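Taking the hints into account, I'd like the entire structure generated from these sequences.
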Amino acid sequence: MTHDPLLLALVFWPLLAALAVPWLGRRSERLRDGWVMLVTGASLLGSIVLAMRVVAAGRLEAGLPLLVGRLEFVADHFSAMFALFSAFVWFCATLYSLAYMKTQRARDRYHAASLVVLSAMLGVVLAGDLVTLFLFFETLGLVAFLLVVHTGTPEARRAAIQYFWMTILGGIALLSGIMLVYAMGGGPLVPATPLGEGHRGAAAALLVLGFGVKAGMVPVHFWLPNAHPVAPSPASALLSGVMIKAGAYGIFRSLSVLFTPPQGTGYADAAWAFTAQLGLTVTWLGIVTMAVGVVLALGQSNAKRMLAYHSISQMGFILAGLGAGACLLGDGAMGTAGGLLHAVNHALFKASLFLGVGAVAFRAGSLDMYDLGGLWRRMPITFALMLVAAAGITGLPLFNGFVSKSMIHHALEAAYADSGAASLRVAERIFLLTAAGTAASFIKLIGLVFLGRSKLAEPESVREAPPAMLVAMGLLSVPVVVLGLWPGLLLEGLVAPGLAAAGVPPDGIAYYLGHYFLSAGDIAMSLVVFAMGGVIFAIGMKFGLFHLHMPAWLSLEWWFRRAGRGVAAVTGQAAAGREARHARPGEHFLAAVQGVSRGYERAQKHGGGLLGELLLAAFRGMTLVYGRLQHRVAWSLRAARRRLLLGLGEAGLARRQLVESLLVGLPGSPAQGFLEAAWGALEQERHATVRAALAGAGGPAHAARTLEQGAREARAEATRALAGLMAGAVFEARLERLGEQARRGGADAARAGFAALHREFAATRRAICEAAAALADARSRGEDIVRAVSERLEPIIEREAHALIGAAAPPPLGAAEPVLASPRQARRRRNAFGAWLRDMARLAIAELRQHPSSWPHSEAIDTEPSVVSTRRGIQRYARDVALNIAAIFLLVALFFVLL
Amino acid sequence: MQQATLMNLLPTLVVALPLLGGALALPLRRLGERTRILVLGALCAATTLGVLALVPGALAGEARAVSLVHFAPQVELYLRVDAMGALFAATVATLFLLALVYSAGYLRRDGRETRYFAFFMLSQGWMLGVAFSGNLVTLLVFYELFSILVYPLVVHEETPEAIRAGTKYIVYILVGGSLILLGVIFTFYLAGERPFTPGGILDPGTDRTLLLVTFWCLVAGFGVKAALMPLHGWVPDVHPAAPASFSALLSGVMVATGCFGILRVVFEVFGVELAAALGVMPVLTGVAAVSVLLAAILAAGEDDLKRRLAWSTISQMAYVVLAVSLLAPHVTAGALVHISNHAFLKGALFFCAGLLASQAGIRRVSEMAGAARRMPVTMAVFTIAALGIVGVPPLSGFISKWVLGVGILEAGHPLVLLVLLGGALLAALYLLQPVWMAYFHAPGATGPERRRPEAPLSMLIPLVAAALISILLGLAAAMPGLPLSLAERAVAAFFGSG
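In order, the protein sequence lines correspond to chains A and B. The opening position of the first sequence corresponds to residue 3 in this note's numbering, with each subsequent residue numbered one higher. The opening position of the second sequence corresponds to residue 5 in this note's numbering, with each subsequent residue numbered one higher.
These aren't lab readings, by the way, just hints derived from the structure by calculation. The model shown is predicted, which means the values in this text are computed figures rather than measured ones. Note that beta-carbon positions come from the ideal geometry of N, C-alpha and C, so glycine has one too. Take every hint as true, because none was put in to throw you off.
A short list of chain B residues far from chain A (calculated; beta carbon distances all over 12 Å): (1) Pro-77; (2) Val-79; (3) Phe-190; (4) Gly-283; (5) Ser-462.
To be clear about the criterion: a stretch of chain A counts as covered by chain B if any three or more of its residues have a C-beta under 8 Å from a C-beta of chain B, and this derived list gives those stretches: (6) 68-77; (7) 131-143; (8) 179-185.
Here you go:
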């Protein structure tokens, strides 16, 4: 184990370099392009050096103290191989993108993302333990999102959303698997650490599922045909060529390291049985994947979509190889080597194919195979390079695909021979059929795009691809041929030593190279398969079978999309739901089976829809019930609070009334209250009468200035005394009468009586004034005028008594009700202490300003309304307080008596 | 007799400095706004440095205790620095510093900010007191003070909805506080006055009913603050109503204080054995699991951004309670680390939400289309924080999820892992949708990219700092002195080996 910082440099150098891309891109595009080529070229050189060092030293290590403990990096032969072809494809794709991206926008973002993804890819293959692997795996998935969504078309965005969710789900599955492995005591990837008992099956399933999402394995493959075509062509090459291999790498490491017992364990051990079982499962997953991929690929018209489906199919080959290798245990060298080699090969020719198709689209403007044709004349070099790549993928001898496919085929045969299970024979047959289908598909691609008659509008305008693109494709085609002729370069250079180091006897490889490679049997098989492909192609084109499509509900994607829509609806994310609904419309139905398919549709709508609706209803019901419960609780709390406040308010009111009555005394009956008010009014009237009499006395005095001061004063004094006497008598009489009325008839009678009296006020006042004026002189002379006064008084009082008796009749129309100052109003006036003070002050000043000789007597001040009401209030207060104190004394006395 | 060295005074000092700052907030106004902010900032920074200086000692397991006040024979206020307290205090102090800088730029100068700063600094002091409290009485005192005295911060805006939210908050907190008080009284009755001890202070032989009552009183009381469903009702209303600089603290550390209380109760009042023997943990697990998932679902349905983040806080903090209820060492370490990591991630998210609301008028997720064009830095930080909460490596959220996950599996509850990952999946749903809207949604009729700076520097710096801290806590998680090491030290003490 040698420590080598080259690993760290390889992984982190593109990441750091990516930081410079936006800055450089703003300054100069050429500078940025040069920088990007430099970085990818350096990565390629670095991976070559790494491979050489690994071959020399065996295994290299490095570590960084980050995250939970340490980021471990390990490079063994397989890592070096993966790093090598990843860097190589990246280099070529970046070279291609310099020309291609001229027509795209956001080039800085593209290049920066591309470099970060390269860094993540290298981190995945050079990872030394599962946490490091997960870190770079997630980064790979999430940053590649930027590549998928790059063009920004609605289709790209839909595909990107789907890609994103699949990445997240796969990441969660992977994380659970990794956590399980750690909980079982494992973790480091190389060398193998024995795992304890426990949830081994669950961990294996989760890991395979998590890596399988990235690898495009069935049943989680359906994001791939949507995501890979919508990316720009160089990005598609990277996605299909390299990125999905990260998933394959992960499955390879799980099979060979995590779930393989440590070296030296006997093959009869139960642990090996688990490995064999897992290998078989992966083999079958691979078989299904390859079949599904190729069948769906045949039905595509969009060239990139077809290539994406073929990626799925070829990944199936890789998985079948790896699985067969694992389930063959000690003899699995050929299968594992075949799978790994196919990963390398696929990267090379698939990248080349994507770049070629991209070049065609770049020049001819269309990706639809049925709209192209006859391009071999206009784009000869592209045509030649595409032929090479197609030969590679279909497995024609002398090209690299032939080697890996034969190895996998032999491994499958060996597995069948080893276990005798009939299912493996079926698997082998499916393998051959898939290979034939691949051949048919690529005959179709080359035939429709390059050969035949051109269906373009202007075939003459199509030029050859730009030189950068041609160089890139050419570079990729070279190893396709080289590895086809001399596979031992990789097989014996890297794969065999790697297997040996891992404890798997590599004799199978040497055996293959010696016996099977370019043997007559293999070549014959390959040509037969190719011929079958040709036949399939011919039949398909003749009968239009390539336009058949399956009903929508047979695709898992449809179910996943419905589930996604359900989740979105449950959580109320209307926007997300709408986006998902507008994704790819349903596919067409064959004319001949329209009735059946309509039946399918109806069943699907009711059946699938019902399940979805039930689940939806359950979820909605739950959230609704919860929401309603919450609402109801809040509502009842609010109602309770309102009632509490009301009660408190009423209690407060009652308390206030109690305090008031304690302080001020119980409010009396309405009649009593009215009488009090009437008292005040009558009092005022009395004072007003006296004032009027006084004014009348003083009036002529002003005119007759001949009278002396003293005589005038005496006369005024006499007037005042007489008026006061008479007014007082009238007042007492009125009060008594009103009291009688109130006692007899209550407040209403009293009110009516007072109204009647009020109508007499003016006449009474006049009479009293006259009487006072008439008798004043006599009084001032000192005569006895008592009889005269009573003579004058009696008619007044009688008149008023009569008026009162007639008060039972309703008052005449037009007579206004006298407005009495109610006790509350009086209280309000009393409370307006400031106003009262103002009045007093005003009065005082006015009186002081007048001549001392005309100072009215103190009774005039007493007659001001505010003064009167104040005095009344004080009297009432004193009375009430006295009452309360008396009551308290009584209670205390009682208390002591009783005690 | 301890010497009055600086280190021994430090716990009291870090609690007292913010209180001093709070008291000075009003008098300092006459020196000018800038001077006041600088002085308060200096006090806050000094507090942070003091707390960080206490961390190495706590990591080494040194016992550092300070008795503050002795009210009565049974009632003593007593500060103690241990690993868990140091972790929480460091988080609190750092986040408060960031929030102070943010507040300086965020608050409008309308005269109310004096009140804000005063109570802000005071609440930092109380919260550090909670972190360093050495017995239940101290915890109770500081907890209640802090809970009630943040009311002016909650109703700072004085809009009708803010006042309503404040009233709701106070009612919930008072109810919770009463429950805690009841629990403390029961504890005193059962165990007398004893400081927090890692094995628990209650005698397992006492009456089981009393123990259960005490447990549920304390857990429910702290659970109100910890936003454990169904006691969570105040959170979704208070977070949008409070100003963004304080919402960050609310979500970041205030709700975590409730979880901190539950941690103290379970591990240092009851102890692991007694808690397991009582048989209450499965109930707590169920409640917490429901909280995680239901709050996450409700978060996904919210359109108001701050409300969505509030529900997210409820969900994330329920992870802590979920982890505590499993009573296993590694998962508890995960819970402690999660408190710390979540504080900075959620703080960053709320800072972003505040900026979006104040600079661009964006309050709802549906309005966020094309926001990345107008506010690139804000949305970049938002993306980082969102990915952190989802648990994408190498951010800090991944660390806490990892430790929690491995711990859950080691404790032998694989089904709880489903809850953990379900919460992560839902977090991706509700947090990455705004990111998608901001970056990749067609922006409609917005103008071209603005050239002027998107926000004042005083608001952008805490934003970026919180994101950088999250990245740092993720990348360098295993370094001694960082939350993971403190958490492991604390867990070692709780589970008896240290």
